[in-house]
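J.: Order-wise, the sequence lines are chains A and B. Position 20 (the first sequence) corresponds to 20 in the UniProt record's numbering; numbering is contiguous. Position 149 (the second sequence) corresponds to 149 in the UniProt record's numbering; numbering is contiguous.
Simulated from the structure, these hints should not be mistaken for lab results. Where hints are given, some of them may not hold.
[Claimed, not checked] Cβ pair distances, simulated, as ranges:
hint	chain 1	residue 1	chain 2	residue 2	range
1	B	G168	A	R248	56 to 62 Å
2	B	D247	A	R81	34 to 40 Å
3	A	R136	B	D247	58 to 64 Å
[What the hints assert, rightly or not] Some chain B residues flagged as far from chain A (calculated, every beta-carbon gap over 12 Å):
hint	residue
4	P245
5	D246
6	G380
Here the structure is a predicted model, which is why all the values come from computation and not from measurement. Ideal placement from N, C-alpha and C gives every residue a C-beta, glycine not left out.
There are 2 protein chains.
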Amino acid sequence: MTIILKNISPWGRAVTDLAVSDGRIVSEAPAGAQVIDGGGAIALPGLVDAHGHIDKTLLGMGWRPFTAAAGVQSMIANERRLLSEIADFSPARQSARVVDRMVARGTTHCRTHVDIGPDIGLAHFHGVAETRDAVRDRMDMQIVAFPQTGVMTRPGTLELLDRACAEGADAIGGLDPIGIDQDPKGQLDGLFAIADRHGVEVDIHLHDRGEVGAVTLDMIHERTKALGLKGRVAVSHAFCLGSVPDDRLAGLIGKLLDQDIAIMTHGPSGDTPFPPVRRLHDAGVRLFTGSDGIRDSWGPLNSGDMLQRAFIVAYRNGFRRDEDIALTLDMATTGGAQVMGAAGYGLDPDCTADLVLVDAETPAEAVVEHPPRRLVMKRGRVVAENGRLTIEPAG
Amino acid sequence: MTIILKNISPWGRAVTDLAVSDGRIVSEAPAGAQVIDGGGAIALPGLVDAHGHIDKTLLGMGWRPFTAAAGVQSMIANERRLLSEIADFSPARQSARVVDRMVARGTTHCRTHVDIGPDIGLAHFHGVAETRDAVRDRMDMQIVAFPQTGVMTRPGTLELLDRACAEGADAIGGLDPIGIDQDPKGQLDGLFAIADRHGVEVDIHLHDRGEVGAVTLDMIHERTKALGLKGRVAVSHAFCLGSVPDDRLAGLIGKLLDQDIAIMTHGPSGDTPFPPVRRLHDAGVRLFTGSDGIRDSWGPLNSGDMLQRAFIVAYRNGFRRDEDIALTLDMATTGGAQVMGAAGYGLDPDCTADLVLVDAETPAEAVVEHPPRRLVMKRGRVVAENGRLTIEPAG
Numbered sequence: 001m002t003i004i005l006k007n008i009s010p011w012g013r014a015v016t017d018l019a020v021s022d023g024r025i026v027s028e029a030p031a032g033a034q035v036i037d038g039g040g041a042i043a044l045p046g047l048v049d050a051h052g053h054i055d056k057t058l059l060g061m062g063w064r065p066f067t068a069a070a071g072v073q074s075m076i077a078n079e080r081r082l083l084s085e086i087a088d089f090s091p092a093r094q095s096a097r098v099v100d101r102m103v104a105r106g107t108t109h110c111r112t113h114v115d116i117g118p119d120i121g122l123a124h125f126h127g128v129a130e131t132r133d134a135v136r137d138r139m140d141m142q143i144v145a146f147p148q149t150g151v152m153t154r155p156g157t158l159e160l161l162d163r164a165c166a167e168g169a170d171a172i173g174g175l176d177p178i179g180i181d182q183d184p185k186g187q188l189d190g191l192f193a194i195a196d197r198h199g200v201e202v203d204i205h206l207h208d209r210g211e212v213g214a215v216t217l218d219m220i221h222e223r224t225k226a227l228g229l230k231g232r233v234a235v236s237h238a239f240c241l242g243s244v245p246d247d248r249l250a251g252l253i254g255k256l257l258d259q260d261i262a263i264m265t266h267g268p269s270g271d272t273p274f275p276p277v278r279r280l281h282d283a284g285v286r287l288f289t290g291s292d293g294i295r296d297s298w299g300p301l302n303s304g305d306m307l308q309r310a311f312i313v314a315y316r317n318g319f320r321r322d323e324d325i326a327l328t329l330d331m332a333t334t335g336g337a338q339v340m341g342a343a344g345y346g347l348d349p350d351c352t353a354d355l356v357l358v359d360a361e362t363p364a365e366a367v368v369e370h371p372p373r374r375l376v377m378k379r380g381r382v383v384a385e386n387g388r389l390t391i392e393p394a395g
Numbered sequence: 001m002t003i004i005l006k007n008i009s010p011w012g013r014a015v016t017d018l019a020v021s022d023g024r025i026v027s028e029a030p031a032g033a034q035v036i037d038g039g040g041a042i043a044l045p046g047l048v049d050a051h052g053h054i055d056k057t058l059l060g061m062g063w064r065p066f067t068a069a070a071g072v073q074s075m076i077a078n079e080r081r082l083l084s085e086i087a088d089f090s091p092a093r094q095s096a097r098v099v100d101r102m103v104a105r106g107t108t109h110c111r112t113h114v115d116i117g118p119d120i121g122l123a124h125f126h127g128v129a130e131t132r133d134a135v136r137d138r139m140d141m142q143i144v145a146f147p148q149t150g151v152m153t154r155p156g157t158l159e160l161l162d163r164a165c166a167e168g169a170d171a172i173g174g175l176d177p178i179g180i181d182q183d184p185k186g187q188l189d190g191l192f193a194i195a196d197r198h199g200v201e202v203d204i205h206l207h208d209r210g211e212v213g214a215v216t217l218d219m220i221h222e223r224t225k226a227l228g229l230k231g232r233v234a235v236s237h238a239f240c241l242g243s244v245p246d247d248r249l250a251g252l253i254g255k256l257l258d259q260d261i262a263i264m265t266h267g268p269s270g271d272t273p274f275p276p277v278r279r280l281h282d283a284g285v286r287l288f289t290g291s292d293g294i295r296d297s298w299g300p301l302n303s304g305d306m307l308q309r310a311f312i313v314a315y316r317n318g319f320r321r322d323e324d325i326a327l328t329l330d331m332a333t334t335g336g337a338q339v340m341g342a343a344g345y346g347l348d349p350d351c352t353a354d355l356v357l358v359d360a361e362t363p364a365e366a367v368v369e370h371p372p373r374r375l376v377m378k379r380g381r382v383v384a385e386n387g388r389l390t391i392e393p394a395g
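Model the full assembly from the supplied sequences, consistent with the hints where possible.
T.: Structural data, given as structure tokens:
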């Protein structure tokens with residue numbers, strides 16, 4: 001398929017045409033191409049939602065009011081109860097519904113943490129792996145094997161995580177080694193051994209705040225270095241980076257840089273502390289973002305729209321300047337793509353033709369207005385227009 | 001004009017039909033009415049944007065990057081410089097552009113603070129008053145005479161505010177009597193005298209944090225009581241309510257209740273403290289919200305969409321439960337309507353037919369998804385559909 005997108009503005013730069021052939025961006029417009037008028041819209045590479053939980057969304061199952069008590073432990077218990085009560089809950093179908101929502105909003109790459117634990121075994125992993133295969137024509141997906149109910153406190157979990165990585169998980173996840181497991185050495189040694197054995201990435205949920213989280217980051221750094229995993233480890237949420245004294249933060253930043261550890265923040269709601277985006281970026285720390293859970297038992301606030309997510313990260317950081325807002329857009333595009341190791345990502349010739357058109361004057365306006373996407377293209381094929389799928393839904 | 005909206009869900013309750021005749025909701029469907037299918041959408045009364053600055057938006061003038069340094073004083077100085085540099089700046093045209101944007105997003109009532117000061121005199125006030133008249137068919141608008149550059153530090157300002165109220169301003173505004181003027185007695189005595197003389201409402205910007213703001217609230221309470229203005233005073237932003245010790249907060253809440261003083265918060269960006277919505281509501285304090293400045297020199301983050309605003313207030317408060325999210329919707333509807341004294345507001349028979357249809361299953365979903373509005377009606381006339389005006393724009 002050969003297409004010329006006329007009258008588009010890559011990253012808000014001068015208006016130009018962009019030619020696509022055989023799923024790639026090409027520098028010479030081939031003869032006989034289909035012409036699509038971009039109307040002067042901004043072209044961005046496909047949005048990257050690099051932290052999700054698409055296996056357990058309740059999308060399409062009717063509005064579900066939030067019912068949990070406060071605190072991570074009670075949220076987890078509430079979720080297990082809820083999911084076990086839904087007789088026909090299907091991680092494959094549900095994750096496909098999220099993918100449809102994401103694609104319509106311009107997301108072409110996603111990394112999702114998938115629950116694995118003694119209660120559900122690998123059922124969610126197998127369901128999402130099925131979806132990952134089924135949606136390859138519209139979404140590049142990475143799966144993180146995620147111990148949502150804890151690791152050391154749930155015997156058998158490490159073995160299940162190991163099996164998931166043997167069966168094709170792209171990364172090994174973790175969860176508050178101190179707050180949930182009270183055994184940071186046990187959890188982290190177990191996770192890093194799996195990463196080492198299978199050659200997968202590491203992406204650890206770290207909600208523990210202040211010094212508890214900081215000590216955990218120290219330990220993650222130590223293991224990353226010992227196993228030669230530099231550049232292959234990410235820490236998600238990392239609330240501690242927003243809740244330690246300044247000199248401690250400076251030391252942690254040094255460790256993140258030393259092992260090129262990437263940090264994910266989605267700009268949490270409420271008064272939850274979060275990593276200081278501008279400071280980390282200026283220091284050279286790689287940053288990315290994601291939707292977190294979309295319409296699941298953890299709450300209804302996340303939408304799966306990565307331009308809205310960039311807006312939320314900007315809003316939570318108090319960003320008003322174009323160059324600050326651009327940081328949040330980078331997190332939702334190139335930052336996530338880098339963490340996912342997305343080959344050929346971008347708008348240059350020879351890049352994969354994964355892109356989104358947004359009616360806005362500047363990239364900053366694209367973030368703050370996040371209007372329905374004018375057009376979404378995946379590997380050279382138009383998959384959504386004006387906020388709606390133009391292909392058969394997966395979910 | 002007589003219309004039957006079929007198949008709509010008032011406030012998310014049972015699906016029903018709603019009849020409109022001569023600009024009012026009627027209990028009996030008249031014969032020969034035009035039938036509009038609501039598709040099961042939620043019907044809400046028209047959204048209320050009860051804190052804006054529509055005189056100085058830069059909407060429609062090209063994307064303007066934010067250029068100010070931090071701090072209220074430097075923001076003000078930057079704004080004066082910018083506005084003075086735009087030769088053809090027209091508060092009438094600009095405010096009309098904001099009204100168009102608001103109407104398309106379902107807002108039927110707005111209260112706007114309008115800059116008045118020795119440098120610009122009443123020019124902005126006259127421009128917005130012109131717009132207020134021009135848009136009466138689509139928007140009920142209140143004007144607050146607002147001393148953006150200070151009161152006591154800018155001799156002549158009180159006289160200008162007094163003239164604006166004589167010429168039809170609906171309320172007298174104020175600005176950080178301590179932080180900006182260092183003369184709380186002078187500013188507040190001056191403002192309240194004007195309110196007393198003209199019988200207008202009071203709505204004071206209070207950014208001063210902690211005890212500085214708290215002392216100012218004490219003084220506002222004292223003057224409200226002394227002049228018998230109970231129920232006619234509002235305080236906007238009131239960051240101090242989010243930044244005083246708990247016992248001090250309890251005392252301030254008592255004073256707000258004693259004089260029925262309403263509080264406005266728009267859920268500020270960054271780490272700005274803000275009034276605790278759930279606590280104030282449960283105590284009985286009247287709450288409302290608004291867009292604040294839309295695409296002006298103060299920054300690009302506000303959109304003029306009051307369902308998005310409710311979402312932001314929910315997000316900043318960490319609300320996940322339906323009953324909490326409903327609070328933010330109340331602030332963007334009935335709360336603001338009450339502050340504005342909007343007669344006949346609501347969805348009951350005999351109410352003015354100001355309403356908006358939103359494709360959502362529940363009011364909470366309307367807030368978190370804030371999709372383009374299906375239909376907006378003002379006094380029985382359809383003024384917008386699917387997010388776009390169906391009437392001649394004003395701006």
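J.: Next, verify each hint and record whether it holds.
T.: Tested hints:
no. : hint                          : result
1   : G168/B <-> R248/A: 56 to 62 Å : holds, 57 Å
2   : D247/B <-> R81/A: 34 to 40 Å  : holds, 39 Å
3   : R136/A <-> D247/B: 58 to 64 Å : holds, 60 Å
4   : P245                          : holds, 16 Å
5   : D246                          : holds, 15 Å
6   : G380                          : holds, 29 Å
When held up to the earlier numbered hints, the structure conflicts with none and fits them all.
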